[in-house]
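Enquirer: First to last, the sequence lines map onto chains P and E.
Read in the working numbering, the first sequence has 107 at position 107, and its numbers run on one by one without any break.
Read in the working numbering, the second sequence has 41 at position 41, and its numbers run on one by one without any break.
A hint or two may mislead.
To be verified - Computed beta-carbon distance windows for the label pairs:
id, chain 1, residue 1, chain 2, residue 2, range
1, P, S12, E, S59, 32 to 40 angstroms
2, E, R63, P, N3, 18 to 26 angstroms
3, E, S59, P, E39, 28 to 36 angstroms
4, E, S112, P, L46, 36 to 44 angstroms
5, E, S112, P, L40, 15 to 23 angstroms
6, E, E67, P, E15, 45 to 53 angstroms
7, E, Q82, P, T78, 20 to 28 angstroms
8, E, G28, P, N3, 27 to 35 angstroms
9, P, K68, E, M15, 41 to 49 angstroms
10, E, S62, P, N67, 22 to 30 angstroms
11, P, G16, E, E67, 45 to 53 angstroms
12, E, S62, P, Q81, 29 to 37 angstroms
13, E, S62, P, E83, 41 to 49 angstroms
14, P, P8, E, L51, 21 to 29 angstroms
The hints are simulated quantities; they were obtained by calculation from the structure and are not laboratory data.
Don't be surprised by glycine CBs; every beta carbon is placed ideally from N, CA and C.
The primary structure of each chain is shown beneath.
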Amino acid sequence: GENVEQHPSTLSVQEGDSAVIKCTYSDSASNYFPWYKQELGKRPQLIIDIRSNVGEKKDQRIAVTLNKTAKHFSLHITETQPEDSAVYFCAENYGGATNKLIFGTGTLLAVQP
Amino acid sequence: ETGVTQTPRHLVMGMTNKKSLKCEQHLGHNAMYWYKQSAKKPLELMFVYSLEERVENNSVPSRFSPECPNSSHLFLHLHTLQPEDSALYLCASSQDGSTNEKLFFGSGTQLSVL
């Protein structure tokens, strides 16, 4: 079936360092790849997304890259801050008429001050 | 932020109980979703409703019964649950349920089945 592999499961960085989270998907027809952030005890919220017709997208300190050939996409956070500490979920929408996101298992990012 | 509101926030129930989870969205959206979030597992899509019609049932056991009386309200009726059903149940909404839409999540109901 459809699945998304996400690594690492936990990531600890020093404040100011960069963090990279990687996801691999299986369906070559997938065309939409969002990233959601879930702070402790709070709801998941979309932070950035990328569609299959572009290779990279940036929004201030966060960026996402997509390699369609290798079927993987990555989230990059630069100049990390303590408020970046959260669980980050990648997802793919493997198309069809329904908005049906398949999520990764999540990465717990801890930014040490 | 109160775009998508879920009640109750916490629920403890026995395996023979019947309970319902409620979700309400104030965003004017036409699609609503139920997701299950278990520890160390991906968010699992359970049901999708678009314009009050169920358009997706992701092989969910019949002890979970959704209801969408209108585009602003979504319920999940629970009966004879198992301990492995303990999880955070998240409701979400989106504009109209078509592909590649942003999901707006509620804060979830933390369910414990004893």
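Enquirer: Next, verify each hint and record whether it holds.
Expert: So, going through the hints one by one against the coordinates:
Restraint check, S12 of chain P to S59 of chain E: a C-beta distance of roughly 36 angstroms satisfies the suggested window 32 to 40 angstroms. One distance hint, 18 to 26 angstroms for the beta-carbon pair R63 of chain E and N3 of chain P, holds here, with the actual separation near 25 angstroms. A hinted range of 28 to 36 angstroms for the beta carbons of S59 of chain E and E39 of chain P is consistent with their spacing of about 30 angstroms. Evaluation of the 36 to 44 angstroms hint for S112 of chain E and L46 of chain P yields a failure: the beta carbon distance comes to about 28 angstroms.
Hint check: S112 of chain E to L40 of chain P, Cβ distance near 19 angstroms, so the stated range 15 to 23 angstroms holds. E67 of chain E and E15 of chain P have their C-beta atoms about 47 angstroms apart, which keeps the hinted 45 to 53 angstroms range intact. In this structure the supplied range 20 to 28 angstroms is violated for Q82 of chain E paired with T78 of chain P, their Cβ-Cβ distance being about 44 angstroms. Range check, G28 of chain E to N3 of chain P: about 33 angstroms between beta-carbon atoms, so the 27 to 35 angstroms window is met.
Under the hint 41 to 49 angstroms, the C-beta atoms of K68 of chain P and M15 of chain E, about 46 angstroms apart, fit the expected range. Against the hinted window of 22 to 30 angstroms, the Cβ-Cβ separation of S62 of chain E and N67 of chain P comes to about 41 angstroms, which falls outside the hint. At about 49 angstroms, the beta-carbon gap between G16 of chain P and E67 of chain E stays in the expected band of 45 to 53 angstroms. Under the hint 29 to 37 angstroms, the C-beta atoms of S62 of chain E and Q81 of chain P, about 46 angstroms apart, miss the expected range.
A hinted range of 41 to 49 angstroms for the beta carbons of S62 of chain E and E83 of chain P is consistent with their spacing of about 42 angstroms. Taken as a hint, the range 21 to 29 angstroms is violated for the pair P8 of chain P and L51 of chain E, whose Cβ atoms sit roughly 40 angstroms apart.
Hints 4, 7, 10, 12 and 14 from the earlier list are contradicted by this structure; the remaining hints agree with it.
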